[in-house]
Amino acid sequence: MLRIPCPWCGDRDEVEFAYGGEADLAYPGDPAALTDEEWAAYLFFRDNPKGLLRERWVHAHGCRRWFELERDTVTHAIHVRGR
Amino acid sequence: MTEPHPRFLWRNPEPKSRYEVVIVGGGGHGLATAYYLAKEHGITDVAVLERSYLAGGNITRNTTIIRSNYLWDESAAIYEHALRLWEGLEEELDYDLLFSQRGVLNLAHTLQDVRDGVRRVCANRLNGIDAEWLEPAEVAEVCPVLNVSPDVRYPVLGATFQPRGGIARHEHVAWGYARAADALGVDLVQGCEVTGIELAAGRAVAVETTRGRIAAGRIGLVAAGHSSVLAAMAGLRLPVQSHPLQALVSELYDQVLDTVVMSNAVHVYVSQAHKGELVLGAGIDAYLSYAQRGSFHVIERQLQAALELFPIFARARVLRTWAGTVDVCPDASPIVGPTPVEGLFVNCGWGTGGFKATPASGFAFAWTLAHGEPHELNRPFSLERFATGALIDEHGAAAVAH
Amino acid sequence: MRFTFAGAEYEGREGETLAAALVRHGILGGFRSVERGRPRGVYSAHEEEPNALVQVGAEPMLRATLVELRDGLVAEPLAGKGRLVAAPAPRCESMHAHCEVLVVGGGASGRAAAAAARGRVILLEQGRCAPLDGVLVLDRTVALGLYERDWVLAVERGRRLWKIRARRVVLATGAIERPPLFPGNDAPGVMLASAYEAYGRPAGATPVSGGFSPRVHLWSQAGGRLRWDERIGAPVPDGELPGVECVGRVTGAGLPDAPPFALPEGDEDEVFVDLERDVTLADLRRAVGAGLRSLEHLKRYTTIGTGSDQGKTANVNAIRAAAELLGVHPGELGTTTFRPPYVPVSFVVVAGRERGPLFDPVRTTPMHPWHVAHGAVFEDVGQWRRPRFYPRDGEDMEAAVLRECAAAREHVAIQDVSTLGKIDVQGPDALEFLNRIYTNAYDSLEVGRCRYGVMCTADGMMLDDGVVMRVGERRYVCTTTTGNAARVLDWMEEWRQTEWPELRVWLTSVTEQWAVAAVVGPDARELLAPLTRVPLDAGSFPFMAIREGEVAGIPARVCRVSFSGELAFEVWVDGRRGLELWEALASAGDATPYGTEAMHVLRAEKAYPIVGQETDGTVTPHDLGMEWVISKTKRDFVGKRSLARPDTSRADRKQLVALLPVNPDALLREGSQIVAAPNERASQGHVTSSYRSAALGRTFALALVAAGRSRYGEVVYAVPPRGEPVPAEIVEAVVYDKEGSRRDGRPAA
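Residue numbers (this note's numbering), protein chains in the order written: chain G, 1 to 83; chain A, 84 to 485; chain V, 486 to 1234.
Be aware that a few hints might be false.
In the EDC-like style, the derived pairs of lysine to aspartate or glutamate whose C-alpha atoms are separated by at most 16 Å in a straight line are [said to hold, decoys possible]:
1) A:K358 with A:D337
2) V:K1125 with G:D36
3) V:K648 with G:D13
4) V:K1125 with G:E38
5) V:K1091 with V:E1217
6) V:K1125 with V:E1112
7) V:K1125 with G:D30
8) A:K99 with A:E291
9) A:K358 with V:E520
10) G:K50 with G:E22
11) V:K648 with V:E578
12) V:K566 with V:E544
13) A:K122 with A:D179
14) G:K50 with A:E175
15) A:K358 with A:D179
16) V:K1119 with G:D30
17) V:K648 with G:E14
18) V:K566 with A:D337
19) V:K648 with A:E383
20) V:K1119 with V:D928
So the derived list for chain G, only partly shown, Cβ under 8 Å to chain A, looks like this [what the hints assert, rightly or not]:
21) L2
22) Y19
23) N48
Derived by calculation from the structure, the hints in this document are not laboratory data.
Note that the Cβ used here is the ideal one computed from N, Cα and C, for glycine as well.
Kindly produce the complete structure, drawing on both the sequences and the hints.
Structure below.
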């Protein structure tokens, strides 16, 4: 049972949250200007790192706010707490 | 001990400095690929590079369900090809795989489940795949220990049934392919981790490994959960995400369950192996992870589901839980074919459904590596489909919550 | 007390285990091994027991060393395999606890660590344990797993699950004795020296010891490293693990030197490495001879460590023997992976309270008691129970639905539509937000009006649909489908918070705050008029308008939306007064209550898609013929870019059409695949919805067919799971009242 640090509510059990995958995937400013490959890169292609990952969580059964943190995908240790 | 395994399995050769084909990943699909390269195409100058010990990854961590009852024509073709290969595999590999075609039930618990189930049955039949729609009373005949009472939270409203589906013993399959490949001259190199992919003028020409540099005519990446890690070595990103997928076994009991049973709505899938253990699985853990472990609440929920369906399991006991690392694709379908890097090919994205596909995945990927282009079976499962939008969405038929 | 073992009765003592009693009675055998049927007997005194497995009633595979005797206990010996028996199973409890320090192991070092600890302290001991001041002592409680270094799963008395979050974990788990390797080391009477002492040195028994193996399981589960300790001949914890500490014999301290190890002389097929799995040294030698070099391979080849004891007395011997056979140092081989649970735990214990009616919450609307009282047959829609139809006088579903549909089209009918999701969207940027999320544009939507809307995934596939109501300058209420309410709200929040944080808009679920009844049919006005002062005529209350007022004395919001094509009023009231509203409507005239089945037919006659039935995550609004709902003027909305991809904009995609079976009485099976000719195998699509229509006096269906909209008039075949292909003509999707003339009430004669 991971413990996820919600920036507003503190450390809570993982079952209170929903997972949002990799962070830092900015929605393109002008999707119409992108090629199909570029659009696919945004929509589907991911780093999927073995190691440190900046990712998104939402406190679905709590304050319902989205935040990011940095977690190691091998040890599950959370290195940078949420903002 | 009875003797299910042969007296000799494989050599432990030193890797050569060059091979015509290098396969990265000594799991089920990689070993099958090596076998078919040698057997079907006469290409034996092949190495399978495995960073740890052979068949230590998802191939021996899954719940061993074999079926071909997927929805779309493209999926049906490749999974059914796999099933036909399964049906001759014990003889072909001369290895007891404990392959048992005991039937697979996919349960429906809502009116929409029924529509979706009937749709899949009808699609399967058009594709020449054995499929039946069963009403609850017929389901009870096929599987007497399943609770089809209307007085439960989500009653069984029917099920799809594939009689030719079933189970096999996973390490026997992997070792069967490994032994056969080794006997045909393929080098199985263990304790050999790929740490880099060397490119020359945009073409993949060699791999750097913990046992030295190995040049290759063609390189096939078949590393399931580690596919992104390897692809990144060639500057590539993939649309896969690696998640834990847990499974568990019970202690040994006299046989009570003769069929494989899967439910999406009351989410669990279960079979009872030949030795007597119950084998169960359910959905992935939501977060990205390479740790091969997941959280306990996933186990709790699947056992709640298991007891809804099988009251007789109440006093069965969990003996061991574990997890693999599954590479999940946005459409729950695999990626098998060339990459934008010349000489580099990828076979991944099988996610939660790789075991059943093992023979066809190996067969199709071997063909691809031999010819430099996809076989008819894997042509639809290209990287390009993510750009064109021609996704092959099998979330429903995958029967594993994502 | 008396107990029975293998059919014979014996006397037992209070507090004795079954194994102790058997040994006391001189029963040093009495068991058989799983594969070779070798005679076996009690070998140990604790959870590591490999031989003495029993079935007690419905409980399979209990270790006799852990079975506490009670009067009348009946135990049968098992040969490695138990029996599952149908029997009532109690609902089990689950406890949660938080503490500063959790100590696992109630021996001397564990108790000392617990006594010295500050703050809230919990001590787990799998056997019996004396109380300790200031410490919550849970005895007869086994720690099953240490997850992520600070979460422990334990089971108390085999029945109650504990989930403990600890700031620090101290492992004082001690060590397990292992047997030496020699031919016949499995014979009845041979037992571990520590067990021999524990049982009071029974006559005829032979104590043996091959050394002690620290119980490193939890340390290793949590990711702790191990190193080979030469002196004790077993792995011990190595290095640091944040938040987890090992004390006492589990570290190796205080354990005796292991006897020197060498492969024994004699028949290797009689030297047992894993007693429970019947695996011998000969088997291990064979595995090595097959070319296997890693411990995991050897384990899989021989099945060492895979029994219900998970190799507790076998694994270390396997490492030592394998190292000898391979000519390597045991430390090079490592160990096999330690996994939870430490001892087996029953499914029913893990499942806890969420069984039977508590498996998943049941959601019902405020009108539910009325539906039940009036004989409604229900359908599960997500967690909701919705009335499917209301049979009268022994009607079957077909008759009931025909009657309910006829009432809706010819007179007046009412439906409880409270389950639809409702999301309050307000703020200065509410309009901008809606324009970005939905495919259509809302700029021209005035206060007091509503508009149908569709939202797509970023992949361009239809996600949900509903009605957007503008109830104020900067305030809207959006409805969603019943099953997608939570998903849509989550989707909206994700975009709002993570992509568009600059927008000043706030979202609130109001699904349960409003109860809604639909009043449907040409005589809907006549039913409602006496209950309200809101003018209902078409001039005062146009289609897709919203009016506020009172209905049946209850403050209400009324909208003219229609999911049937008939004149219809949706009456929204405070959720707490939903039943009151419904009862008023039901008794105001002779309105016919109708359920989801009739609703399905009515909307299908108008070709209104149902998300999740006509769509499956691969269908675009254009596929459904809803080009009009995709704005041509908005610069962007979620999904827009994807709609322009080659495959997503292909002309021959599957499109929504209606099918009229050539035989007007033939009901197509929903899910049937469609082919061009009876003997063809290439699928052209499938039947999504199929009904008997009261209004048409015949059957019809909706289907997704490749390039369907350019194939009107073509006869295709719907192939059911059993039976012959059924011919049906492809026609335009709307089969009833194409012109929409019934929308404002009974058309002029």
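**Prompt:** Under the criterion that the straight-line Cα-Cα distance not exceed 16 Å, is the pair A:K358, A:D337 satisfied?
**Reply:** 9 Å, holds
**Message:** So if I understand the rule, the pair passes when the alpha-carbon distance is 16 Å or less; does V:K1125 with G:D36 pass?
**Reply:** 12 Å, holds
**Prompt:** Is it true that the CA of A:K122 sits at most 16 Å from the CA of A:D179?
**Reply:** 19 Å, violated
**Message:** Does A:D179 sit within 16 Å of A:K358, going by the straight-line distance between their CA atoms?
**Reply:** Roughly 14 Å separates the two Cα atoms, so the pair holds.
**Asked** Are the Cα positions of V:K648 and A:E383 separated by 16 Å at most?
**Response** 12 Å, holds
**Prompt:** Does V:K566 pair with A:D337 here, judged by a C-alpha cut-off of 16 Å?
**Reply:** 7 Å, holds
**Message:** Would the hint linking V:K1125 and G:D30 be met if the CA-CA limit is 16 Å?
**Reply:** 11 Å, holds
**Item:** Restraint status (C-alpha distance of V:K1119 to V:D928 at most 16 Å)
**Value:** 10 Å, holds
**Message:** Please check whether G:L2 passes as an interface residue: C-beta within 8 Å of a C-beta belonging to chain A.
**Reply:** Where the cut-off is 8 Å and the nearest Cβ of chain A is about 7 Å from G:L2, the hint holds.
**Prompt:** Between V:K1125 and V:E1112, is the straight-line Cα distance small enough, at 16 Å or below?
**Reply:** Within the cut-off at roughly 12 Å; holds.
**Asked** Given the proposed pairing of A:K99 with A:E291, does the C-alpha separation stay at or below 16 Å?
**Response** Holds - the C-alpha atoms of A:E291 and A:K99 are around 13 Å apart, at most 16 Å.
**Message:** What's the verdict on A:K358 and V:E520, does the C-alpha distance respect the 16 Å limit or exceed it?
**Reply:** 10 Å, holds
In this structure, the hints that do not hold are numbers 13, 14, in rising order.
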